[in-house]
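> Single-letter residue listing:
There are 2 protein chains.
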Amino acid sequence: MTKILVLGGGGMIGQKLAQRLPGAYPDAQVTLFDRAFPAMGAPCKQITGDVADPATAKRLAADRPDVIFHLAAIVSGQAEAEFDLGWQINMMAMWHLLGALKDEHDASGGSYRPRLVFTSSIAVFGGPFPDKIDDEFLSAPRTSYGAQKAACELMVSDFSRKGFVDGISLRLPTICVRPGKPNAAASGFFSGIIREPLNGQDAILPVPDTVRHWHASPRAAVGFLLHATGLDTERLDGRRALNLPGFSCTVAEQIEALRRAAGQEAVDRIKPMPDPAIMAIVDGWPRDFAPNRGIALGFEAERDFDEIIRVYIEEEISSSSSVSPVR
Amino acid sequence: MTKILVLGGGGMIGQKLAQRLPGAYPDAQVTLFDRAFPAMGAPCKQITGDVADPATAKRLAADRPDVIFHLAAIVSGQAEAEFDLGWQINMMAMWHLLGALKDEHDASGGSYRPRLVFTSSIAVFGGPFPDKIDDEFLSAPRTSYGAQKAACELMVSDFSRKGFVDGISLRLPTICVRPGKPNAAASGFFSGIIREPLNGQDAILPVPDTVRHWHASPRAAVGFLLHATGLDTERLDGRRALNLPGFSCTVAEQIEALRRAAGQEAVDRIKPMPDPAIMAIVDGWPRDFAPNRGIALGFEAERDFDEIIRVYIEEEISSSSSVSPVR
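Taken in order, these protein sequences are the chains called Z and S.
The first sequence runs contiguously to residue 327 in the UniProt record's numbering.
The second sequence runs contiguously to residue 327 in the UniProt record's numbering.
Worth flagging that the hints you see were computed from the coordinates, not collected in a lab.
If you're wondering where the values come from, they're calculated on a predicted model, not measured in any experiment.
A pair counts as met if it fits within one copy or between any two copies, since identical chains are not told apart.
Once the Cα atoms are required to be at most 20 Å apart in a straight line, the calculated SDA-like pairs of lysine to any residue come out as:
#: 1; residue 1: Lys-162; residue 2: Leu-85
#: 2; residue 1: Lys-162; residue 2: Gly-127
#: 3; residue 1: Lys-16; residue 2: Arg-35
#: 4; residue 1: Lys-102; residue 2: Ala-81
#: 5; residue 1: Lys-162; residue 2: Ala-280
Build the full structure now, drawing on both the sequences and the hints.
Spelled out as structure tokens, the structure:
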């Protein structure tokens, strides 16, 4: 039996991961943890609570899960607006989790050493950027969300170096096309301008269509997470925070792909409405990568934006098993 | 009046800083904080306490110092040996300090925004390294000390970006020649092999003389700190962690400089005694830098190792005003 714990298991990626875990681990016993869960969610054991509460970390660690996915986070827009809450949820929760896992490691005489897969973000990078960000470019974030993720990466790496956990931090590209309702992420419009028109609704575009960004689908994201559980972490050579493959394109190129998938009528649903607050955040985000290490380690993403749109249509429109996320 | 608070004010750099502050700030009211102070220390107000205690941070912040130097740390060797203590002193103390300063900022209606000068370290970098580390090279530390310093840098930058403090993180080169007794820093021998022979004592060399490293004198370090208090932080463009100038040389080149300063007799005092634990730590440390930003911002260090030895002789042997450090 493989005990698997998913922190943030009620979220969009958490739910998709939960649905695919039994295929990847036939002997999996999956526990999802979140502050809330969707009504028709994945059929797993659910625990509700506050991820930033030290007692929560202790309780979850006491079960000694073999694999832990830490996906729980306050999204970028909210972390910018609610400074204290962002640091508590996005950094201190990791601090408490690692401390609790180390206590279990110590109590086990050193035999307990779980695989910890942490969803970091390309928001750990801040401009000015090179044309393509390589695997040795500095983390100098320009958002609280990015700073919190980068601080977690440092902790995951150091607790891993000491052998208390066996961790890896995945710097997810912006996940696109997110299903369901818009969330408070400043990056939400990258999905909204595709999702809303495909569902016959208007979408707001708060930035110029020249904005370039780095994308991967929710399916690719779940693929990253599953691939990370089986990776030989010795191959990381101590650098446990990884840039991942994705697809770089401008908003205009996204819109052209939407036109190819759903016609001019869909494109006409996109309404430009500049938002300086969102532009200020997005201006500080990366645009393109050369993720050579991630590719060499076997991580895979879509190769064009048409494919990213096809994944959305297959998983959310053609299929009847779509999940309603709560966040 | 300029209220100045020095955390770690009982340490070697803190004491040297305290002696130079009245020259730099004639109106300075200096408070030193540390767990202990040297008996014949700098004549300033002293507060003794635990820097990792949240109540300490609150109490120190309540005085609303205009300038805060945060030099307090567990050194690298001890942080490696005492994992929990290292994270508490080297990271959580900064977390509590920033939180307390933000509370004062909020309570002041936003007018209180102290200059915070944090002594980070080149230990934020981990190999493999380029020949010279430039200003865009990633922080991927290979020691707990380095990870803790890097996490603090992220916090200082984000709290500064939001305007709660006006911070800068200085990645000090290894400070050489440290006066006084050896400390628990793995880098201690870089000073020991010069200091002990100059004082007629034997010194242990735990690494091969081919090891290359990055040095600056205590005098240069105090110069960095003072320069940082007057810097226009707008010029940092949001990247508030700085590589600083220093001098790169091998242990063999250090020894040649010692020979020029004090003859073969001094060199004969150096006893090679390989220590795998120290070699493992030092192997993960940087060797050379191209600190273009730091130089452009006006930071200055010695230009050769002979000058570094001369500073030691001037300040610690020729002078009668030498300070006995406690750490």
